[in-house]
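S.K.: Chains as they are written, first to last, in our numbering: chain S, 1 to 309; chain R, 1 to 311.
These are calculated hints, taken from the structure and not from any lab test. Treat the hints with care, since some could be wrong.
[As the list claims (entries may be wrong)] Below, computed lysine to any residue pairings styled on SDA-like, alpha-carbon distance capped at 20 Å:
1. R:K235 <-> R:D250
2. R:K145 <-> S:L124
3. S:K223 <-> S:I296
4. R:K145 <-> S:G150
5. R:K145 <-> S:P125
6. R:K293 <-> R:R63
7. R:K145 <-> S:Y89
8. R:K175 <-> S:S301
9. S:K223 <-> S:I188
[To be verified] Distance windows between CB atoms, simulated:
10. S:N148 <-> R:H144: 49 to 57 Å
11. S:V278 <-> R:E225: 26 to 34 Å
12. S:E37 <-> R:H144: 28 to 36 Å
[What the hints assert, rightly or not] Part of the chain R face toward chain S, derived, beta carbon under 10 Å:
13. K65
14. S152
15. V223
16. A224
17. R267
Ideal placement from N, C-alpha and C gives every residue a C-beta, glycine not left out.
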Amino acid sequence: MRTAFIQELIRQARTHPRIFLVVGDLGYSVVEPFASEFPDRFLNAGVAEQNMTSLAAGLASEGWHVFTYSIANFPTLRCLEQIRNDVCYHRLPVTVVAVGAGLAYGNLGFSHHGIHDIAALRPLPNLTLLSPADPGEAAEAVQWLAENPGPSYLRLGKAGEKTLHTVQGSSLGPIRVSKPASAGPASIAFAATGSVLSVALEAAERLAAQGQPVTVFSCSRLKPADREAFAELWKYPRIVTFEEHVLAGGFGSLLRELAPDGIRMRSLIVPETLTSVVGSQEYLRTQAGLTVDAAIRALESFSASPTTR
Amino acid sequence: MSEPLPMNLPSVAVGVPPAVESGVSPGGPPGSVTVRTEPAPTIRSSVDLAAAIRAHALRMVTRAKASHVAGALSMADLLAVLYSGVLRHRPDQPDWPDRDRFLLSKGHSCTAVYATLALRGFFPESELATYGQDGSRLMAHISHKVPGVEFSTGSLGHGLPFGLGKALAAQRDRKPWRVFTLLSDGELDEGSNWEAILLAPQHRLDNLVALVDYNKIQSLGSVAEVAELHPLADKFRAFRWAVREVAGHDHNAIRDALETVPWEPGRPSCLIAHTTKGRGVDFMQDQLAWHYKSPSPAQLADALRQLGCPD
Chain S
1 MRTAFIQELI
11 RQARTHPRIF
21 LVVGDLGYSV
31 VEPFASEFPD
41 RFLNAGVAEQ
51 NMTSLAAGLA
61 SEGWHVFTYS
71 IANFPTLRCL
81 EQIRNDVCYH
91 RLPVTVVAVG
101 AGLAYGNLGF
111 SHHGIHDIAA
121 LRPLPNLTLL
131 SPADPGEAAE
141 AVQWLAENPG
151 PSYLRLGKAG
161 EKTLHTVQGS
171 SLGPIRVSKP
181 ASAGPASIAF
191 AATGSVLSVA
201 LEAAERLAAQ
211 GQPVTVFSCS
221 RLKPADREAF
231 AELWKYPRIV
241 TFEEHVLAGG
251 FGSLLRELAP
261 DGIRMRSLIV
271 PETLTSVVGS
281 QEYLRTQAGL
291 TVDAAIRALE
301 SFSASPTTR
Chain R
1 MSEPLPMNLP
11 SVAVGVPPAV
21 ESGVSPGGPP
31 GSVTVRTEPA
41 PTIRSSVDLA
51 AAIRAHALRM
61 VTRAKASHVA
71 GALSMADLLA
81 VLYSGVLRHR
91 PDQPDWPDRD
101 RFLLSKGHSC
111 TAVYATLALR
121 GFFPESELAT
131 YGQDGSRLMA
141 HISHKVPGVE
151 FSTGSLGHGL
161 PFGLGKALAA
171 QRDRKPWRVF
181 TLLSDGELDE
191 GSNWEAILLA
201 PQHRLDNLVA
211 LVDYNKIQSL
221 GSVAEVAELH
231 PLADKFRAFR
241 WAVREVAGHD
251 HNAIRDALET
261 VPWEPGRPSC
271 LIAHTTKGRG
281 VDFMQDQLAW
291 HYKSPSPAQL
301 ADALRQLGCP
311 D
């Protein structure tokens with residue numbers, strides 16, 4: 001995803017002369033092509049994310065569309081107040097880009113688990129929040145942001161994610177990405193944000209093979225969001241959500257805030273207690289219960305329990 | 001104020017200058033400022049302006065039963081000199097592209113800036129009476145919704161990093177305007193400032209000026225008791241800034257320093273202004289309590305009398 005991001009950013013920078021990239025001393029073997037093609041529109045702010053974010057806002061106040069780039073929690077939580085006051089309150093065109101969001105850098109430890117960012121950023125005024133699932137969605141997000149500069153957060157995975165679908169429009173709202181085998185008249189939706197969409201798709205495929213159709217949605221755009229923005233989802237009385245994020249304030253929490261009465265939900269999330277475990281993204285997903293088996297169990301639990309969780 | 005103030009005020013009134021219809025701010029393009037240089041009835045110098053700023057700040061804080069008056073009084077002279085010929089600005093065109101950018105990082109002292117901007121004609125002086133009242137745009141921490149204010153602050157440690165970004169924009173766009181950021185001493189406890197202090201010389205931002213209102217009292221004690229900054233000038237020099245120290249209520253000294261920035265090509269400038277918190281009102285001077293207290297009507301009258309600005 002980060003490769004798709006930088007390639008698309010370079011493409012957009014060629015036609016958008018006010019795009020500027022500020023990095024927090026990270027991006028080795030990623031950002032160099034941008035820096036060499038646009039040396040006057042690139043800055044390494046050093047290991048100093050508060051300053052990076054405020055100076056990005058200062059640049060933005062003079063007509064630049066600034067992308068700040070760092071990994072995991074560094075460009076978000078470390079400088080949350082700079083995003084809130086300097087960027088969002090002043091409504092300045094700064095796009096905060098985090099690579100390795102969720103559990104992408106799982107083996108680097110708790111410091112690098114980006115599992116609180118959605119909750120932290122979602123309440124901020126004027127902010128657009130995009131959480132793409134694959135390289136195609138990431139590129140589309142950059143295109144959309146270049147055309148719509150404003151306070152924004154781009155939540156990216158790492159490198160090497162597979163292309164999960166070719167459906168367009170992910171930056172505008174939920175998109176239906178089910179494979180034909182799993183499409184059909186279903187009363188159950190799987191809704192995912194970020195790269196964990198792959199788990200939802202795999203679970204849907206297995207369920208389809210068992211004669212249980214499920215519709216899968218990719219939800220990159222998490223803000224601005226209102227009930228209407230997710231209208232497609234509300235056609236399904238039962239929804240299972242997928243995210244590499246804690247429940248509080250995350251994607252499942254967002255849908256619960258917006259859902260009309262009568263929609264029942266289950267959420268596959270990262271438990272807050274998953275703090276001392278380190279391992280690959282795959283391993284941590286298993287530990288967290290973000291798995292195909294867990295998705296199927298969640299679906300079965302709808303019939304086991306009539307109450308809405 | 002019926003007549004707009006001239007852009008260039010001397011430190012001390014020296015007779016009445018000839019009335020000329022057109023004046024030019026220093027360094028600005030010809031014809032950039034067209035004002036009557038006939039001085040206003042009572043403000044003929046930056047010293048007069050500073051007294052008027054202090055008087056307004058005291059009235060605003062008293063009326064709103066607000067805090068932070070002492071820090072407004074300590075920086076009034078810096079503002080008066082900045083807005084008497086140092087800063088290129090146009091009160092009737094607050095977003096004039098070539099203006100110098102002034103940022104108040106110690107946003108809690110906003111009364112002095114609101115007063116300065118009103119006295120300069122950015123908005124009517126009468127609006128100052130709404131300070132801190134329900135629905136007013138004059139919030140109790142500086143607000144960019146007010147004409148002439150570039151940036152809202154209130155949380156400390158934001159102004160200098162934001163100003164660095166603006167200075168970088170001017171450098172990359174090859175613009176002549178400068179960025180002046182006014183900081184408190186207490187807010188130099190914030191690490192974000194030192195991130196900016198470290199980075200600015202790296203990019204040779206000599207269009208960036210930091211002014212430190214060094215009154216040596218912060219929120220809950222003296223600077224020496226809380227987190228001693230001395231030797232502050234040496235700290236900035238060690239971070240590769242050009243540094244000058246001035247007596248922060250001496251208009252000529254402030255003006256001489258600010259009119260000659262940058263002092264060293266390629267280096268940002270730091271003016272350390274040694275000031276007195278609560279300057280100009282004897283019972284407020286150097287008193288920690290006046291970071292918080294709001295004057296009573298009798299205290300206001302006393303303070304205004306001391307400033308020579310009785311209501």
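S.K.: Each hint needs a verdict: does it hold in this structure or not?
M.R.: Verification of the supplied hints:
Between K235 (chain R) and D250 (chain R), the direct Cα distance comes to roughly 24 Å. Violation of the 20 Å bound is thereby established for this hinted pair. A distance of roughly 19 Å separates the Cα atoms of K145 (chain R) and L124 (chain S); the hinted pair therefore holds under the 20 Å criterion. Between K223 (chain S) and I296 (chain S), the direct Cα distance comes to roughly 28 Å. Violation of the 20 Å bound is thereby established for this hinted pair. Pair hint K145 (chain R) plus G150 (chain S) holds up; C-alpha atoms about 18 Å apart against a cutoff of 20 Å.
Pair hint K145 (chain R) plus P125 (chain S) holds up; C-alpha atoms about 16 Å apart against a cutoff of 20 Å. The suggested pairing of K293 (chain R) with R63 (chain R) holds, with an alpha-carbon distance near 12 Å, which does not exceed 20 Å. Taking the CA atoms of K145 (chain R) and Y89 (chain S), the gap is near 11 Å; set against the 20 Å cutoff, the hint holds. For the given pair, K175 (chain R) sits about 64 Å from S301 (chain S) by alpha-carbon distance, which is inconsistent with the 20 Å threshold.
In summary, the hint linking K223 (chain S) to I188 (chain S) is not supported, as the alpha carbons are separated by about 24 Å, beyond the 20 Å threshold. Roughly 22 Å separates the CB atoms of N148 (chain S) and H144 (chain R), a value that falls outside the hinted 49 to 57 Å. Range check, V278 (chain S) to E225 (chain R): Cβ separation about 43 Å, and the 26 to 34 Å hint is violated. Between E37 (chain S) and H144 (chain R) the Cβ separation comes to about 34 Å, which falls inside the hinted range of 28 to 36 Å.
The criterion of a C-beta within 10 Å of any C-beta in chain S is not met by K65 (chain R), whose closest approach is roughly 25 Å, and the hint is violated. With its C-beta approaching chain S no nearer than about 6 Å, S152 (chain R) sits inside the 10 Å limit, and its interface hint holds. Taken as an interface hint, V223 (chain R) does not check out: its beta carbon lies about 22 Å from the nearest beta carbon of chain S, beyond 10 Å. Interface restraint check: A224 (chain R) against chain S, minimum CB-CB distance 26 Å, threshold 10 Å, status violated.
The beta carbon of R267 (chain R) comes no nearer than 18 Å to any beta carbon in chain S, farther than 10 Å, and the hint placing it at the interface is violated.
In summary, the numbered hints that this structure violates are 1, 3, 8, 9, 10, 11, 13, 15, 16, 17.
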